[in-house]
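All chains, please: the whole structure from these sequences, using the hints.
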Amino acid sequence: MNNTLLIIEDNEQNFYMMRFLLEKNDFKVIGAGNGRQGIEKALHHKPRAILLDIQLPEMDGYAVAEELKKHGELGNIPIIAVTSYAMVGDRERILAAGATGYIEKPIDPETFVAEIIQYLSKDPGDQGRQQ
Amino acid sequence: MTTNRNTSFRGCYFLNLPIILLSLLIVGTPATGADNQLITVGIYENAPKVFISESGKPAGIFIDIIEYIAKREGWHLQYVPGTWGEGLDRLEKKEIDLMPDVAYTADRETLFAFHKAPVLSSWFQVYARKGSGIKSILDLGGKRIAVLERSVQQQAFVRLADSFGLNTTLISLPNYQTVFERVARGEVDAAITNRFYGVMHAKKFGLEDTAVVFSPSDLFFAASKKDPKQLLTAIDHHLLDLKKDTQSIYYESLKRWTSEEVRFKFPVWLKALGLVMCAALLISLLGSVVLKYKVNARTRELLKINRVLSTLSECNQALVRSTDEAGLLDAICRIVVDIGGYHLAWVGFSETGTDETIHPVAQAGFEEGNLATVNTNWSHTDPGRSLTSNAFRTRQPCSARHILTDPDLELLRDEALRRGYSSALVLPLLAEGETIGVLGIYSVEPDAFDTEEVAQLTELSGNLAFGIVGHRTRDALKQAEVQRQEVQQRFADIVEFLPDATFVIDQDKKVIVWNHACEAMTGVKKDTLFGQGNYAYAEAFFGERRPILVDLLDMAVPEVEATYKYVKRQGDKIYGESFFPRFKDGQGAHLWGVASPLYDRDGQRCGAIETVRDVSEQKILEKTLRDSEQKYRELVMLANSIILRWSCDGHITFLNEFGQKFFGYTDTEILGRHVLGTIVPENEKSGRNLRPLIEEILSDPQKFERSINENMRSNGERVWIDWTNKVVLDAQGQMKEILSIGSDITDRKLADEQIRRLNDELRRHAQVLEQRVAERTAELVVAKDRAESADRIKSAFLATMSHELRTPLNSIIGFTGILLQGLAGPLNEEQQKQMSMVQGSSRHLLALINDVLDISKIEAGQLALSLTSFALRPSIEKMVKIVTPLAEKKRIALVLDIADDVATVTSDQLRLEQILLNLLNNAIKFTEKGYVRIFCRSDNNNYVLSVSDTGIGIQPEKISGLFQPFHQIDTGLSRKHEGTGLGLSICKKLLDMMGGTIGVESHWGQGSTFTVRFPK
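The listed protein sequences derive, respectively, from chains A and B. Quick note on numbering: my numbering labels position 95 of the first sequence as 133, and the sequence is numbered without any gaps. Quick note on numbering: my numbering labels position 265 of the second sequence as 654, and the sequence is numbered without any gaps.
Everything hinted at is true.
Just a few of them, taken from the derived set where beta-carbon distance is under 8 Å, the chain A residues facing chain B:
#, residue
1, LEU59
2, PRO144
3, PRO147
These are calculated hints, taken from the structure and not from any lab test. Beta carbons are placed, not taken as given, at the ideal position from N, Cα and C, and that holds for glycine.
What follows is the structure, given as structure tokens:
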């Protein structure tokens, strides 16, 4: 069972906190500090899901999500946006770009993992991976 | 003489005794049967036809006949004596039933009734004193002539005299006796009587007959109008029988009263009747007397003369009795042969104009059919060849004494031998100097016609000629009468046809024509008016008898004229008009009338005619027209517009009062003048030449229905007029005039100019203004750009700040949570306590950031409501459930009270829930004990939701600032009561956006109630 999660996050503290919480819950976590690296890792590792920050250097989260969707083999991997963008339209915009879920920062460490699992179970990509 | 006459009449009485007794018997016998009825008969003196005998009894031919008829019809006769005129009057008034001896005329037929077969025919003859020299009609010129009043001979003589162009004076007298007496006394020159009377009485008065015999007329019994007692049929019936039987009372009476036998039967009458006979035979008495002496001397001659006299007598009777010309001629020929004892007799007439032949028309003694060969050409001049032509040409009797022996008459001998005569006499028939024919008499004996006999027979031929002329005159008169009646009928038809009420009156102002239109107009029938005088016709119009229009022809009566609207005389006619209120069932009618006098042939007034026409409708029409015209005239005169008419060559023909005042001219000053130079100046002030304009308008006015140009007043002042032009066409469709209606627009023109000036100014101002606006706009655009840019910067700043603040908060909250969960290893009690404080502070910080973000979004207009329809009750329950743990922690009861009428709402669910949650959190936060009550209900189109608590309440002075941002009551307690102080402010702003309200009611220390109201 693939339980690798890719976290694309440029803030080291936030990445560490999320990795800590997820590894404590038996997920394997790989990380990427920018969008380009994130896409490469996704193509390479084919993770169970991708946790994507939006505010990224060089290539922002929207562009990353669109790029990921272009790769057919990655089409079924849920993208969960975890972002501190909370302005009007942010949520809609990120979902339109291809994200499956949206978790607002700051995260609640007590409910965070449960939310992630919830998105995984809803993941339409399960079928694709079982092939 | 008088004594003699009395004696003779007395004798007459005795000898007539049987007849008189008989009549008395009839008169005296009371009515015995149903047929017995009293018949009154008028009598007067007109012997021998009717008269009163010396014994006072009625006598005469008519009396004999009526007595005979009365006896057979069982009539009871009663005689009413009087004059002729009185008799007619009585008959007309129906006071008597019958009047004898009445000549038929058309006029009389309207008044009386006549039977069909005449009793007698009679001529009228003029009598004069012996030696007066009056022989023919022409001698009567300028003479005074006595005549029986109201007799037919009076009218007939007038016609006769007229036809000769004679001027005579007629004197009407009541009876024949007076007529003759006046002539005898020389008071008048001549008398007219019927020949019956004349023959009987002329000699007695020393009068002689003249050649003037005229107007044979049929004499009848006349009954009163319509013959109510049906007498005439019986009279006709008996007359017919009487006339057929030569032995009847009819012929007996005629003989008795008219022939010489009378004389012989009544010798006492001898002298008188001798006179009568002489006149009747138109032979002088003297001749007769001489003959009588000769008879004594020469018996043969006496017998012969007696025979001739008998012939004359019989002939005269035939003349009297004959009813037609052919019958007369036959009778005369027969008498000449039968009584005169001559062999042959014939009468021939020349037919002038065709050939010169004399055609036989009557004969006696010839064998049947032989006469046709007697045709004689009267142009033969040889006396031996034709007696007839000689007599005809020479107008003298021509005789052939010895045809059989006289060698000069050899040419006649064959004829004489063949017809068996020896001598012949041919007499011309002379009438008014012309030969109209011949009477031929032939005798078996040679030299049968001696001088005496020729004289007698000449007399006979004269009488015959009179008779013929008389018959012809009568026929002509009858014909004329028929024509006259036809003309009269035609005239009557024409008058009846006339659509206008028309009536005619005679000189006595009696109505003689009253046509149908007259009846229709007045409602008065003609029958009730005919013959009535004394202004009877006026009653039909005015309801009273008084002179009317037709009477004004002869006289001027101011008071009568005053009753007419006008009376106008033109030539001999008179016109008038008046209103008759009685007419048309009281509606009244305007009647227009014209009357004209009528003249007879001589130009003498004989009456008048009036025609009346109902002109009411015309009047109404005229009045309407007049009113309309008046209205129109007033309109034109008083209109507040200039009304101008000008001719095709530019001359003014009309300018109304307003126009005259406006331009400063009077009627006389302006009419007839050309428009140019008067009301139209040569040039407008602007320099535009108006002459071409006027010429153009005149050449084609249709194009200039509207023209605005400068005009000029008489004082030179210029005015502007807006003209509307219209062509006035004459009956032929040719342009007659131009009608122009103008309004003074000088003020408007000035105002227009003012407006134009102001507009220009305005335009200049506007340009300046526009420039300023543009400048200002540019400035504003810059400012706006700046503002927008600032806004964008602010939004970006907020977004960035929000993000930048959250990123570190994420780590703080996240790691605090991890530590508190013990995921990174167990914490001791103190660590646990402090980490909890870090967690509380970081969460507060997050709330603060969120609220600031909300406020910023709302104020920047970036917050949009997302409207959906959802059930309100579960939404409330969900929020209550969220705060339940907090309330339980503080031991505060939550009371939920949602009315049944709360159902769905269309709103932004998240924001509505945010508001409710905020209120619930506040209520629980500021309540230490007691309860928080949530109440929701529907109120018309809104829901009302309130949250009440039993908390600390709000001081009144603080309530006003409650919904301001960054406001928290009792800031000193801020640490005690967590909150950003932005919640209520956000609630108010959200409700404003939703169209709702929020309010608070609070008592310090007792609690507060926050109530929100939002649309369903």
